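S.K.: Could you build the full structure based on these sequences and the hints that come with them?
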Amino acid sequence: MRKYDLYTSQFKHKVLEEYDRGISGCGFKSLAKRFKITGGHKLIMSWYSRWDGTVDSLDQRPRGHRTRTMTQQEVENYILDFVKSMNNQRIPVNYKKVQAHVESSLKREVSIRTIRRYGKECGIRWKKTRELTLRDDDDIFWHNVGQFRRSLQRIANDRLIFIDEIAIYSVMPPRQTLVAPGQQPFILVTQPSAYSKRYDFIGAINGSQPIACMTLCPEDRERRRFKGVRQVVINQWITDTLAPAIERLNIDNIYLICDQSRAHNKMDMIQALRAGKCNSVKQILHMPTASAKYLSPLDNPLWHSFRESIRNQHPLAAADIPLLLSEAFHSLSKKEIKNAYRKCGLIYGTDEYYDRP
618 MRKYDLYTSQ FKHKVLEEYD RGISGCGFKS LAKRFKITGG HKLIMSWYSR
668 WDGTVDSLDQ RPRGHRTRTM TQQEVENYIL DFVKSMNNQR IPVNYKKVQA
718 HVESSLKREV SIRTIRRYGK ECGIRWKKTR ELTLRDDDDI FWHNVGQFRR
768 SLQRIANDRL IFIDEIAIYS VMPPRQTLVA PGQQPFILVT QPSAYSKRYD
818 FIGAINGSQP IACMTLCPED RERRRFKGVR QVVINQWITD TLAPAIERLN
868 IDNIYLICDQ SRAHNKMDMI QALRAGKCNS VKQILHMPTA SAKYLSPLDN
918 PLWHSFRESI RNQHPLAAAD IPLLLSEAFH SLSKKEIKNA YRKCGLIYGT
968 DEYYDRP
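For any residue, its number in our numbering is found by taking its place in the sequence shown, counting from 1, and adding 617.
No wet-lab data here; the hints were simulated from the structure. Treat the numbers as computed from the prediction; the structure is a model and nothing was measured. Even glycine gets a Cβ: it sits at the ideal position worked out from N, Cα and C. Among the hints, a few may not be true.
[Claimed, not checked] DSSO-like mimics (lysine-lysine), calculated; alpha carbons at most 27 angstroms apart, straight line: (1) Lys952 to Lys745; (2) Lys744 to Lys910; (3) Lys650 to Lys701; (4) Lys631 to Lys650; (5) Lys899 to Lys745; (6) Lys910 to Lys951; (7) Lys714 to Lys814; (8) Lys899 to Lys910.
[Stated by the list, open to error] Computed beta-carbon distance windows for the label pairs: (9) Asp968 to Glu925: 43 to 53 angstroms; (10) Pro835 to Ile887: 25 to 35 angstroms; (11) Glu693 to Arg815: 47 to 57 angstroms; (12) Lys910 to Asp885: 22 to 32 angstroms.
M.R.: Rendered as structure tokens:
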């Protein structure tokens with residue numbers, strides 16, 4: 618608060634009673650020096666402009682002279698209590714939901730900007746939800762991770778191409794939610810509904826750029842009569858999309874790296890690359906079992922940011938999801954990808970066990 622806001626109306630009235638125009642020692646500048654007023658003669662002039670001879674006319678006015686859109690009681694009932702109830706039910710809430718609740722309750726329009734301002738007055742803040750994971754502490758497991766990292770660190774990152782799959786659901790609530798003071802932001806429901814549509818996304822990157830991707834829609838799975846990403850889908854995508862994209866890189870002796878699964882059969886993948894007329898891949902490597910989140914830049918760092926970019930656009934229209942997924946994947950920057958490789962310990966000189974608990 619500004620110091621001159623603390624002057625009382627009685628003090629202002631006393632100062633203005635001493636003012637007499639044209640008389641030496643009674644002007645605005647003289648009064649400011651005599652009463653040692655912070656703000657000088659201009660502040661006294663602003664008091665004089667609204668003074669009508671009474672003390673009440675000098676009462677402090679709200680800054681900006683803004684009238685409240687909602688009373689304090691309405692703010693507590695329709696904003697604070699609503700956010701508290703959502704927190705108690707472990708349901709994510711944002712300003713759009715609060716706005717819809719306020720407008721339906723008060724039967725009038727209230728802008729999101731106004732709700733943000735009143736929400737901050739109540740102490741409502743954005744908080745991130747956290748997911749706790751238990752890391753494997755087995756010596757053999759970490760020996761395999763360190764040995765695989767050591768072998769990859771000797772190869773340039775642009776020659777390391779990682780491929781991975783991820784499931785994106787049409788209903789994915791955001792990880793951020795408005796939280797009232799004293800409430801918990803955690804969302805207990807971690808899995809989407811069994812009835813929500815699942816989109817299987819496949820992507821490939823090297824050390825500096827996204828290379829290729831594909832989205833498998835629910836309609837595609839229903840037409841082909843299978844539930845997830847099968848070997849035939851991977852191999853067809855490699856032949857039609859990935860192999861030509863690798864050839865366009867003009868990089869020799871490339872290593873194609875993926876996790877161990879039935880869909881990633883080495884011999885079949887090599888045949889698919891040859892069918893796509895790709896001769897740049899030197900070898901296909903499988904990561905050690907259950908180590909993808911420590912070794913694959915896609916599995917841990919990039920898929921997380923990828924999902925968050927999709928969550929931030931919630932709710933999504935089903936027809937727009939494949940295009941949004943492709944745009945989000947190809948918008949990954951060179952800096953993001955390099956940081957993901959660094960986080961997975963693939964930069965030469967990084968300790969192979971730097972992230973071991």
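S.K.: Now tell me, hint by hint, if it's right for this structure.
M.R.: Results for each hint:
Restraint check for Lys952 and Lys745: the C-alpha separation of about 24 angstroms stays at or below 27 angstroms, so the hint holds. Between Lys744 and Lys910 the CA atoms are separated by roughly 25 angstroms; this keeps the pair inside 27 angstroms, and the hint holds. Of the supplied pair hints, the one linking Lys650 and Lys701 is violated, its CA atoms being roughly 53 angstroms apart against a limit of 27 angstroms. With a CA separation close to 15 angstroms, the supplied pair Lys631 and Lys650 stays within the 27 angstroms bound.
Under the criterion of a C-alpha separation no larger than 27 angstroms, the hint pairing Lys899 with Lys745 is inconsistent with the structure, at around 43 angstroms. Our distance criterion of 27 angstroms between C-alpha atoms is met by Lys910 and Lys951, whose separation comes to about 20 angstroms. This hinted pair checks out: Lys714 and Lys814 have alpha carbons roughly 23 angstroms apart, not beyond 27 angstroms. Straight-line distance between C-alpha atoms of Lys899 and Lys910 comes to about 24 angstroms, which keeps the hinted pair within the 27 angstroms bound.
Hint check: Asp968 to Glu925, Cβ distance near 28 angstroms, so the stated range 43 to 53 angstroms is violated. Checked against the hint of 25 to 35 angstroms, the pair Pro835 and Ile887 passes, with Cβ atoms roughly 31 angstroms apart. Under the hint 47 to 57 angstroms, the C-beta atoms of Glu693 and Arg815, about 41 angstroms apart, miss the expected range. Between Lys910 and Asp885 the C-beta distance comes to about 25 angstroms, which sits within the given range of 22 to 32 angstroms.
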